[in-house]
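Asker: Each chain is listed here by its residues.
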Amino acid sequence: MGGADLIGKSVTRPDALDKVTGGRGYPVNVNLPGMLHGKLLRSPYAHARVRRIDTSEAQRLPGVKAILTARDVPQIPFCPVYFVPSDGETLIRDMLILGDHVRFAGQPVAAVAAISEAIAEAALALIDVDYEELPAVFDPEQAMADGAPQLHDGVARNIAKNPSFEFGDVEAGFAEADHIFEGVYQTQRVHTCYMEPRVCVIDCDRDGHFTVHSSMQHIFGLREKLAYALGIDESRVTVMKPPYIGGGFGGKLDMGYIEPLAALLSQKTRRPVRIEQTRYEDFICTTRNPIKMWLKTGVKADGTITARQAKSILDSGAHATHGAQVIMVHGLFGMTFPYRCPNKKWEGFTVYTNNIIGGGYRGYGAPQGCFAVESQIDEICEKLGLDPIEFRIRNALRKGDPHPFNPAWTLNSYGYEEALRRGAERIGWATRKPAGSSSGVRKRGIGVGTQGIWVSGCMGFPDIYEHTGAIVKLNRDGTADVATGTVDIGSGAITALSQIAAAELGIGVDKVRLVSASTDTVPFDAPTHASRVTYSSGLAIKAAAAEAKKRVFEIAAGLLEANPDDLEMIDAQVRVKGSPQSSLALTEVIRVAETPFIKDTLAGPRPSSPPQYKGTIMGSSSLAPPENPSPAAAMFAEVEVDTETGQVKVLRCVYAHDLGRLINPNGAEGQVEGGIQQGLGYALMENLVFDQDNGACLSADFLDYKMPTAVEMPRVIESIFVETNEPSGPFGAKSLSEQCVTVPAAAIAAAVYNAIGVRITELPITPERVLRALGKL
Amino acid sequence: MKKTLVLTVNGERHELQVSADATLLRVLRDELGLYGTKRGCDTSACGCCTVHVDGNSVYACAVYALSVDGSAVTTIEGLGNGDRLDPLQDAFIRAGAVQCGYCTCGMIMSARELLAGTPKPDEEQIRHAIAGNLCRCTGYTKIVDAIKMAAGS
Amino acid sequence: MALPELKEFCRPQSAAELSSVFETYADGALFVAGGTFVHGLEARGLLSGVQALVDLRRMGLDTVSADDRGWRVGATVNFTRLGKMPGIDAPAFGALRDALACPPPQIRNMATIGGSIAASVPFFDVPAALLALDAVVITGTGVASRELPLAGVYTGLFTNSLAPGEYISSVFVPRPAARTASAYLKLETNANDLALIGVAVRVTMDASRRISDPRVVLGGGLNATHIRSAAAEAVLKGATASEELFQRAAEAIGTEIKPMSDHRCSAEYRAAMGKVYVRRALQRAIDRLV
Ligand SMILES: Cc1cc2nc3c(=O)[nH]c(=O)nc-3n(C[C@H](O)[C@H](O)[C@H](O)COP(=O)(O)OP(=O)(O)OC[C@H]3O[C@@H](n4cnc5c(N)ncnc54)[C@H](O)[C@@H]3O)c2cc1C
Ligand code: FES
Ligand code: FES
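Protein chains in written order, with the working numbering: chain A, 1 to 777; chain B, 1 to 153; chain C, 1 to 290.
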């Protein structure tokens with residue numbers, strides 16, 4: 001097989017064999033000669049000022065090579081978020097590598113490099129820090145109140161960002177409504193729980209050039225942020241792309257404390273420095289921000305939405321980091337875009353507290369909004385006796401509508417209704433019983449949650465990078481090397497990208513190799529995030545492959561005495577369209593291009609082929625995608641609720657998704673199933689909880705932070721892929737990854753309501769909350 | 001401070017000097033360079049470090065190396081036979097049970113123990129057998145499929 | 001690391017060797033059996049003063065024997081082996097089977113019966129089952145040995161009545177009466193969790209469904225230690241098994257529990273669940289007899 005018929009076929013991951021036999025390619029395995037080990041000393045206080053740090057005793061411990069405190073590091077305020085330029089207007093630069101103002105329990109105040117981890121850790125215990133404890137605030141609403149402790153200079157009421165949108169006239173819209181619904185919804189702080197800890201190994205050479213190995217999702221972002229925080233030129237940093245990393249899900253989308261500290265420790269010691277976070281350290285960074293949402297919707301008796309007004313308060317923790325971006329995506333894609341409604345108003349607050357910092361978890365503000373919006377729709381339908389499927393379809397956007405994000409774009413492919421209808425049929429929606437009507441202790445229910453508008457990248461977002469590039473190079477053996485900065489975080493990106501390259505080139509997918517790369521060798525690439533890889537990186541790889549193919553045709557046309565435009569490449573054969581007998585093996589074309597062109601003949605040395613055929617056949621690209629087409633998702637859940645204990649068991653999920661075109665079915669199903677694990681955890685159990693007195697995280701290991709094991713997962717997860725063939729996408733593809741995480745909580749919450757007739761508006765839906773809602777506590 | 005530890009790892013005898021608090025995980029990764037055994041939490045709750053000690057799966061991060069002195073340890077590198085993969089490794093590839101792959105080696109070690117004692121497990125037995133192994137990518141569906149596939153073949 | 005003071009890893013093979021370690025290190029010595037709990041303590045930085053780890057696994061405490069009085073299980077017998085103990089399929093051992101099935105295989109293969117008792121954690125499952133089975137703990141030191149009912153071991157959360165250097169050498173499980181069944185039920189968030197609630201019960205029931213010699217053991221945060229509910233047992237004793245009786249027994253625990261509130265759930269919820277679980281566990285045990 002080779003060519004466009006590769007699209008839609010399940011192919012084996014190129015890295016699977018390596019991973020089942022040990023998997024050497026993870027950044028945790030990087031081990032350089034002479035490497036030192038770094039550890040960070042973290043503050044036990046949530047809000048404090050460091051008066052003095054005495055490192056003298058630690059310094060004397062044999063094996064300790066360097067110690068850094070605030071005095072020793074550049075004091076350049078930075079924002080660690082990768083996908084926004086370091087000096088971008090929307091970024092809030094409020095972090096320091098090390099400073100004397102501690103704003104969350106666990107913030108580093110010093111770093112040590114030593115010849116072993118054990119010694120580095122022992123050294124931490126010898127550092128004496130004199131803290132002045134300050135009053136702390138952990139609740140964002142309290143933080144906004146007068147008299148609350150101020151976390152950052154010049155930030156009134158701790159409000160880091162306060163965006164708002166208004167479309168139409170909400171007052172008029174509410175006046176038009178027959179019914180008005182109001183609700184308050186609260187979500188919790190959760191962690192992405194990538195399995196490979198965040199780790200880096202950084203080597204500063206004698207010239208002051210830094211070579212960085214890291215488990216991050218974006219090599220160019222890390223180069224940029226690291227250079228910015230250190231106050232050096234980007235060209236002094238080379239970030240190596242790891243063969244693969246052990247998960248990310250957005251949790252590795254920003255520079256941590258470890259990278260700049262490892263860099264500085266390496267600079268000081270002239271040796272490579274490795275810092276690996278412990279699981280506790282992972283848990284206290286890059287979490288999904290909790291958001292509290294107030295939502296008011298006006299509807300006519302027939303179910304038409306006339307107005308929606310909403311307010312969201314996002315607990316950003318000690319620093320803004322992603323909080324300043326998440327709030328925007330949340331406001332637009334979570335609260336405002338879904339459903340056509342001419343009159344909408346939303347206001348958001350990103351608020352500083354002394355909680356741990358947030359991050360860029362899969363869905364990026366949408367899961368919180370989806371839970372609120374979809375829960376309220378379920379309530380509206382229940383109260384008005386409307387069918388939740390028909391209600392949604394009535395108010396949904398349709399193919400041909402302008403894209404709500406950018407009216408210059410049209411929803412050229414849009415399968416929301418089809419996803420919803422096919423999912424409803426598969427789950428047996430017609431057999432759904434009235435809420436709370438099933439008898440017995442264990443009650444069953446079915447619910448739905450949808451997300452109508454989402455992204456295939458970040459095109460159109462203010463300040464967010466989206467251009468991306470690739471280099472495709474053909475080898476003499478007929479294989480293609482594809483180099484991109486796209487980091488494979490496990491989602492199968494490299495599989496789909498290999499398929500796209502192979503399909504465009506007309507060769508087998510086994511002939512494509514995604515090769516090693518670094519920021520030195522490939523064009524800039526926006527991160528592996530925002531459901532963007534298949535669409536956006538796919539387009540870049542397709543373009544680079546097309547350029548290489550064009551060169552193949554130029555040479556082959558001469559050899560075949562044909563017009564390049566009349567050629568096609570199928571199964572690694574260049575053929576004249578319509579006359580397949582006139583063909584040439586791709587390897588032959590490459591041979592002609594690559595071999596020296598002088599040949600010994602009887603008449604003496606003679607050129608074998610014209611010089612203009614010579615040179616490696618390659619193509620490159622660096623481009624921004626033209627649009628940001630919207631996928632659409634609908635999830636159906638069937639649950640069983642134990643009304644004596646409050647436990648919720650998810651029995652079955654049906655997930656339907658418009659992804660434009662299915663590239664790799666097995667990989668797509670894997671995304672859905674994994675997404676549902678995260679969504680189910682969000683819905684029912686995951687929660688980072690903190691001591692309300694001192695801000696210490698109480699659930700910073702997997703014994704206390706509960707995520708679903710194989711036992712809690714539904715036995716049946718059915719994926720339905722709706723193919724609407726997006727005209728702007730590579731082979732018609734859009735995106736998949738994030739919506740599978742966004743919709744489950746809403747679907748499960750609605751199913752719980754359908755089972756017991758009581759609505760839970762706060763996540764996670766713990767047994768205790770269910771029992772309380774049932775009035776049994 | 002250091003003590004002598006004798007371990008037979010994947011059939012090969014090793015004599016090492018280790019510190020009193022060294023875990024089996026540290027010895028395997030840091031001393032023997034067996035990177036297939038992963039550290040996901042170091043607090044015995046994720047399963048990435050699952051290996052077999054005398055045929056039984058354990059969390060290598062929660063075992064003091066010296067307490068298993070003299071034992072036979074099998075890691076992912078010890079599965080299969082030369083170039084021939086263990087049927088589980090093969091099934092994990094074919095079923096698409098590998099995404100980021102960080103959990104994979106531990107998962108396969110747990111599944112191997114299950115199949116050794118229960119060659120034809122049902123779905124519930126499979127799910128309980130891997131309950132001590134977390135995966136954040138796959139939702140476990142294809143992992144369960146792979147184990148069924150390996151058991152069926 | 002988290003054992004900054006550690007100097008020794010001892011592997012005594014006799015009681016005499018063991019006591020000499022304690023003579024050297026006194027309070028600085030800590031027993032290790034399977035190590036699963038010790039590692040948890042280490043990871044949380046709770047073992048900073050430990051100077052010597054004393055591995056019990058070479059003390060020859062890993063045998064299981066039976067006579068007509070009951071079973072004697074060596075302290076270092078692990079959960080997997082315990083689950084294969086001859087006779088464990090009997091309804092009377094249902095609670096033990098239930099409890100042993102709770103932890104993941106990686107823990108079952110290492111965790112020992114002695115360690116699970118000595119850890120003195122009310123959230124563990126196996127001790128609850130053993131309490132319902134009237135287990136007796138046999139301890140040793142270098143010089144002496146004593147027997148004490150398991151119920152007498154616990155003095156509080158993480159604390160027990162074992163003297164420094166005193167170790168559990170075996171656990172005796174008496175042979176249960178005929179027509180006896182037991183069950184253990186656990187409320188957990190995922191399959192790799194410590195109990196939010198854990199209830200073990202044992203009943204002996206004659207042909208007319210009259211209950212004798214009942215046991216109701218409450219764990220998982222219903223109290224600082226596993227406790228037997230005398231009130232619930234009093235309700236059950238001599239009464240005829242019925243759903244209504246189980247409900248009354250469940251209600252009776254109310255006066256005896258002091259449930260904890262923590263980040264996992266509130267005391268109120270624990271109290272309510274304790275009742276549900278007592279009733280359900282009793283039903284589960286009875287179901288094993290019919
Ligand atoms: C991930 C995980 C999941 C778990 N799940 C469950 C579960 O589902 N159900 C459950 O019941 N438990 C569970 N546990 C707890 C587990 O059962 C205990 O950790 C185990 O029983 C302790 O036994 P051990 O042999 O490993 O003890 P160790 O860790 O070696 O020791 C425990 C304590 O007892 C002392 N000690 C050990 N042996 C003796 C002895 N013979 N005499 C005196 N003192 C001694 C030690 O000094 C230490 O203080 C889980 C633990 C983990 C880490
Ligand atoms: S690393 Fe051992 S269980 Fe997680
Ligand atoms: S495949 Fe990534 S954690 Fe399992």
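Be careful, since some hints might not be right.
Cut-off 25 Å, straight-line C-alpha distance, at most; resulting in silico cross-link-like pairs (DSS-like, lysine-lysine) [to be verified]:
{"hint": "1", "chain 1": "A", "residue 1": "K776", "chain 2": "C", "residue 2": "K258"}
{"hint": "2", "chain 1": "A", "residue 1": "K300", "chain 2": "A", "residue 2": "K161"}
{"hint": "3", "chain 1": "A", "residue 1": "K268", "chain 2": "A", "residue 2": "K300"}
{"hint": "4", "chain 1": "B", "residue 1": "K148", "chain 2": "A", "residue 2": "K649"}
{"hint": "5", "chain 1": "C", "residue 1": "K84", "chain 2": "B", "residue 2": "K120"}
By construction, these hints were calculated from the structure, which means they are not laboratory data.
Asker: Can you confirm whether the C-alpha distance between B/K148 and A/K649 stays at or below 25 Å?
Answerer: holds, 23 Å
Asker: Please verify whether C/K84 and B/K120 have alpha carbons no more than 25 Å apart.
Answerer: Holds - the C-alpha atoms of B/K120 and C/K84 are around 20 Å apart, at most 25 Å.
Asker: Please verify whether A/K268 and A/K300 have alpha carbons no more than 25 Å apart.
Answerer: With a Cα-Cα distance of about 68 Å, the restraint between A/K268 and A/K300 is violated, given a limit of 25 Å.
Asker: Hey, A/K300 versus A/K161, does the alpha-carbon distance stay inside 25 Å?
Answerer: With Cα atoms ~34 Å apart, A/K300 and A/K161 exceed 25 Å; violated.
Asker: If you draw a straight line from the CA of A/K776 to the CA of C/K258, is it 25 Å or shorter?
Answerer: holds, 19 Å
Violated hints for the displayed structure, listed by number in ascending order: 2 and 3.
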